[in-house]
Amino acid sequence: GEPPLGDACPELPDKKTIFYRKSIYELSGILQKKIFNYNSENKTLFFNKIINPLYNFLRSIILTKSDFDWWGAWSGNDTLWRTIYDLNKIVFYSDKNGKMKNKQQRKYFSIVDGIICQEGKGPMSGLPKPCGIILGSSDPVALDTIASYIIGYDIDKLKIIKNANKIKKYKLGCNDLTKIKIYSNINNLLDINLNFKLPEGYKNIKRINETSKIE
Numbered sequence: 001g002e003p004p005l006g007d008a009c010p011e012l013p014d015k016k017t018i019f020y021r022k023s024i025y026e027l028s029g030i031l032q033k034k035i036f037n038y039n040s041e042n043k044t045l046f047f048n049k050i051i052n053p054l055y056n057f058l059r060s061i062i063l064t065k066s067d068f069d070w071w072g073a074w075s076g077n078d079t080l081w082r083t084i085y086d087l088n089k090i091v092f093y094s095d096k097n098g099k100m101k102n103k104q105q106r107k108y109f110s111i112v113d114g115i116i117c118q119e120g121k122g123p124m125s126g127l128p129k130p131c132g133i134i135l136g137s138s139d140p141v142a143l144d145t146i147a148s149y150i151i152g153y154d155i156d157k158l159k160i161i162k163n164a165n166k167i168k169k170y171k172l173g174c175n176d177l178t179k180i181k182i183y184s185n186i187n188n189l190l191d192i193n194l195n196f197k198l199p200e201g202y203k204n205i206k207r208i209n210e211t212s213k214i215e
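Take full-length UniProt numbering: the final residue in the sequence shown is number 215, and no numbers are missing along the way.
No lab work stands behind these hints: they were computed from the structure.
Ideal Cβ placement from N, Cα and C applies to all residues, glycine included.
A hint or two may mislead.
[Said to hold, decoys possible] Pairs of lysine to aspartate or glutamate residues, derived as EDC-like cross-links and limited to a Cα-Cα distance of at most 20 Å, are as follows:
{"no.": "1", "residue 1": "K166", "residue 2": "D139"}
{"no.": "2", "residue 1": "K181", "residue 2": "E200"}
{"no.": "3", "residue 1": "K89", "residue 2": "D78"}
{"no.": "4", "residue 1": "K121", "residue 2": "E200"}
{"no.": "5", "residue 1": "K206", "residue 2": "D139"}
{"no.": "6", "residue 1": "K157", "residue 2": "D191"}
{"no.": "7", "residue 1": "K206", "residue 2": "D78"}
{"no.": "8", "residue 1": "K107", "residue 2": "E119"}
{"no.": "9", "residue 1": "K99", "residue 2": "D86"}
{"no.": "10", "residue 1": "K157", "residue 2": "D176"}
{"no.": "11", "residue 1": "K89", "residue 2": "D154"}
{"no.": "12", "residue 1": "K203", "residue 2": "D78"}
{"no.": "13", "residue 1": "K168", "residue 2": "D139"}
{"no.": "14", "residue 1": "K101", "residue 2": "D113"}
{"no.": "15", "residue 1": "K166", "residue 2": "D113"}
{"no.": "16", "residue 1": "K159", "residue 2": "E200"}
{"no.": "17", "residue 1": "K168", "residue 2": "E200"}
{"no.": "18", "residue 1": "K157", "residue 2": "D113"}
[As the list claims (entries may be wrong)] Computed beta-carbon distance windows for the label pairs:
{"no.": "19", "residue 1": "N97", "residue 2": "K203", "range": "43 to 53 Å"}
{"no.": "20", "residue 1": "N185", "residue 2": "Y108", "range": "17 to 27 Å"}
{"no.": "21", "residue 1": "P53", "residue 2": "K171", "range": "21 to 31 Å"}
{"no.": "22", "residue 1": "K197", "residue 2": "I84", "range": "33 to 43 Å"}
{"no.": "23", "residue 1": "P130", "residue 2": "F109", "range": "20 to 30 Å"}
{"no.": "24", "residue 1": "N188", "residue 2": "F109", "range": "17 to 27 Å"}
{"no.": "25", "residue 1": "K166", "residue 2": "N97", "range": "49 to 59 Å"}
{"no.": "26", "residue 1": "K203", "residue 2": "T79", "range": "15 to 25 Å"}
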């Protein structure tokens with residue numbers, strides 16, 4: 001499921017952009033292998049003095065508008081969801097000696113503080129968005145499913161949600177909106193769409209329907 005050039009390289013219809021991006025990665029590998037011994041000191045020098053300036057230069061002449069992320073922050077990333085699931089498997093199913101067991105060993109309770117949220121390009125460059133909501137669950141998959149849905153994601157296209165069904169061993173939770181039990185002081189919670197401004201790499205999986213607010 002990983003894109004041909006890795007999770008850092010979204011597949012795009014623009015062949016020229018893909019060509020230049022591929023060239024940067026191939027040049028990086030050649031220089032590392034042939035010119036540098038690639039110890040820690042040379043690695044820092046290599047990226048600071050060569051790759052970063054080259055990347056910025058090529059990006060400036062290829063793109064006039066950043067419609068996507070060149071790195072891993074995009075909806076097609078096929079690695080991050082696996083990482084998050086692996087960490088949760090360890091928390092739920094490893095015993096005190098670090099050995100994985102078939103029976104769940106513990107629980108944890110997750111809380112989403114959505115009183116004032118952040119939208120756009122987080123976590124450093126996002127914008128505050130007052131929402132006035134707090135969510136909590138001992139099922140992390142169900143919690144992410146509900147939160148992502150009311151934020152405005154199409155959860156059928158969000159890998160960290162939809163791929164929960166791929167976990168055959170060490171089950172982590174429920175990602176089916178029709179099966180999640182919701183206890184709330186907000187009537188019809190799933191009718192809400194807070195219509196967050198999504199990060200550039202995730203705008204293609206935005207849920208389209210009428211925006212509604214929490215009363």
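A quick look at each hint next to the structure:
The hinted pair formed by K166 and D139 meets the criterion: a straight-line CA distance of about 17 Å does not exceed 20 Å. Restraint check for K181 and E200: the C-alpha separation of about 32 Å exceeds 20 Å, so the hint is violated. The suggested pairing of K89 with D78 holds, with an alpha-carbon distance near 18 Å, which does not exceed 20 Å. Distance hint between K121 and E200 is fulfilled; the C-alpha atoms sit about 7 Å from each other, no more than 20 Å.
Straight-line distance between C-alpha atoms of K206 and D139 comes to about 24 Å, which puts the hinted pair past the 20 Å bound. Among the hinted pairs, K157 with D191 is consistent with the structure: their alpha-carbon atoms are about 19 Å apart, no more than 20 Å. This hinted pair checks out: K206 and D78 have alpha carbons roughly 18 Å apart, not beyond 20 Å. Annotation: proposed proximity of K107 to E119 is violated, straight-line Cα distance about 29 Å (limit 20 Å).
With a C-alpha separation of about 14 Å, the suggested pairing of K99 with D86 holds against the 20 Å cut-off. Straight-line distance between C-alpha atoms of K157 and D176 comes to about 13 Å, which keeps the hinted pair within the 20 Å bound. Under the criterion of a C-alpha separation no larger than 20 Å, the hint pairing K89 with D154 is inconsistent with the structure, at around 25 Å. Note on K203 and D78: the hinted pairing holds, with a Cα-Cα distance of about 17 Å set against a maximum of 20 Å.
At roughly 17 Å between alpha-carbon atoms, K168 and D139 fall within 20 Å of each other, so this suggested pair holds. For the suggested pair K101 and D113, the alpha carbons sit about 32 Å apart, so the restraint of at most 20 Å is broken. As the CA atoms of K166 and D113 are separated by approximately 28 Å, the hinted pair breaks the 20 Å bound. Between the alpha carbons of K159 and E200 the distance comes to roughly 16 Å, so the proposed pair stays at or under 20 Å and holds.
Simply put, K168 and E200 have alpha-carbon atoms about 32 Å apart, too far for the 20 Å limit, and the pair is violated. At roughly 24 Å between alpha-carbon atoms, K157 and D113 are farther apart than 20 Å, so this suggested pair is violated. As the Cβ distance of N97 to K203 is approximately 45 Å, the hint placing it in 43 to 53 Å holds. For N185 paired with Y108, a C-beta distance near 24 Å keeps the hint of 17 to 27 Å intact.
A hinted range of 21 to 31 Å is violated for the C-beta pair P53 and K171, which are about 48 Å apart. For K197 paired with I84, a C-beta distance near 23 Å fails the hint of 33 to 43 Å. With their beta carbons about 25 Å apart, P130 and F109 fall inside the hinted range of 20 to 30 Å. Evaluation of the 17 to 27 Å hint for N188 and F109 yields a pass: the beta carbon distance comes to about 25 Å.
In this structure, K166 and N97 break the distance hint of 49 to 59 Å, their C-beta atoms being roughly 28 Å apart. Hint check: K203 to T79, Cβ distance near 20 Å, so the stated range 15 to 25 Å holds.
Hints 2, 5, 8, 11, 14, 15, 17, 18, 21, 22, 25, counting from the list given before, are not met by this structure.
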